[in-house]
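Line order of the protein sequences matches chains H and R. Per the working numbering: the first sequence = residues 1 to 114. Per the working numbering: the second sequence = residues 1001 to 1113.
It is worth saying that the hints were derived from the structure and are not from the lab. Don't be surprised by glycine CBs; every beta carbon is placed ideally from N, CA and C. Mixed in with the good hints, there may be bad ones.
Computed footprint of chain H on chain R; a stretch qualifies when at least three of its residues, placed anywhere within it, have a C-beta under 8 Å from a C-beta of chain H [what the hints assert, rightly or not]:
1. 1012-1019
2. 1029-1043
3. 1049-1061
Here's a subset of chain H near chain R, in silico, CB distances under 10 Å, partners left out [unchecked claim]:
4. S42
5. D100
6. G107
Covered stretches of chain H (chain R as the covering partner; in silico rule of three or more C-beta atoms under 8 Å from a C-beta of chain R) [said to hold, decoys possible]:
7. 25-37
8. 47-61
9. 84-98
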Amino acid sequence: AQKVTQAQTEISVVEKEDVTLDCVYETRDTTYYLFWYKQPPSGELVFLIRRNSFDEQNEISGRYSWNFQKSTSSFNFTITASQVVDSAVYFCALSGRGDDKIIFGKGTRLHILP
Amino acid sequence: DTAVSQTPKYLVTQMGNDKSIKCEQNLGHDTMYWYKQDSKKFLKIMFSYNNKELIINETVPNRFSPKSPDKAHLNLHINSLELGDSAVYFCASSPGTGGDTQYFGPGTRLTVL
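Based on the sequences and whatever the hints tell you, model everything.
Quick look at the structure:
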């Protein structure tokens, strides 16, 4: 069975601090895909990134970076120099190659304090 | 140029009523989904259609019935609404299945009184 665990329910940091959101996954598939989505207070779900299981290169997009480590089944998300606009619920998710659905973690609520 | 749209955005209704939520995508995707997000923000898939064919039907009460008139539209009809149906319902679409990225609509907040 596939599972995504986001152990941090809620995190608060002061603006400009760096923050890392943890994501641990379980799957028996050899080919799978990992995702991060952002849900700001306005409620929409915004796609951030998709990685496949064969690409362990870290990815950086502006202040956002992702660290994918198959050895620890983790796909962590770091925000550098956080801003108030980063306040949101962040979801990590997993899908197997043959799956028709994405399994979401329970989300981490991130508060960036001014 | 909205990619995935849902109507209505808010829906307030009495217990026992029947209501529908509509979803449309203009991305040319083959697959569409309905998710339910509860008050604790937990996202759970309900249904999925690929080219108008039902491919996912999770453990959802029979009162919920999806309908896909074409691959750009997926509607959700709910009969005999109950208090526990109050939630945010998200529609999503993806090019195919098997790990494709899903793009979400803005959500419909359903409140059953």
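Now the hints, each set against the structure:
1. Counting residues of the stretch 1012-1019 of chain R whose beta carbon lies closer than 8 Å to any beta carbon of chain H gives 0, which falls short of the minimum of three for the stated coverage.
2. Coverage of the stretch 1029-1043 of chain R by chain H holds [criterion: at least 3 residues with CB-CB distance below 8 Å; count 6].
3. For the stretch 1049-1061 of chain R, the stated coverage by chain H is satisfied: 3 residues place a CB nearer than 8 Å to a CB of that chain, which reaches the threshold of 3.
4. Hint status for S42 of chain H relative to chain R: holds, with the closest Cβ pair at about 9 Å, below 10 Å.
5. Interface hint at D100 of chain H: satisfied, since its Cβ lies 4 Å from the closest Cβ of chain R, which is below the 10 Å cut-off.
6. Interface hint status for G107 of chain H: upheld, as the beta-carbon distance to the closest one in chain R is roughly 5 Å, under 10 Å.
7. By the rule of at least three residues with a Cβ nearer than 8 Å to a Cβ of chain R, the coverage given for the stretch 25-37 of chain H holds, with 5 such residues.
8. Counting residues of the stretch 47-61 of chain H whose CB lies closer than 8 Å to any CB of chain R gives 3, so the stated coverage by that chain holds, three being the minimum.
9. Evaluation of the coverage hint for the stretch 84-98 of chain H: fulfilled, as 6 residues show C-beta separations to chain R shorter than 8 Å, against a requirement of three.
Hint compliance for this structure: hint 1 is the single one not met.
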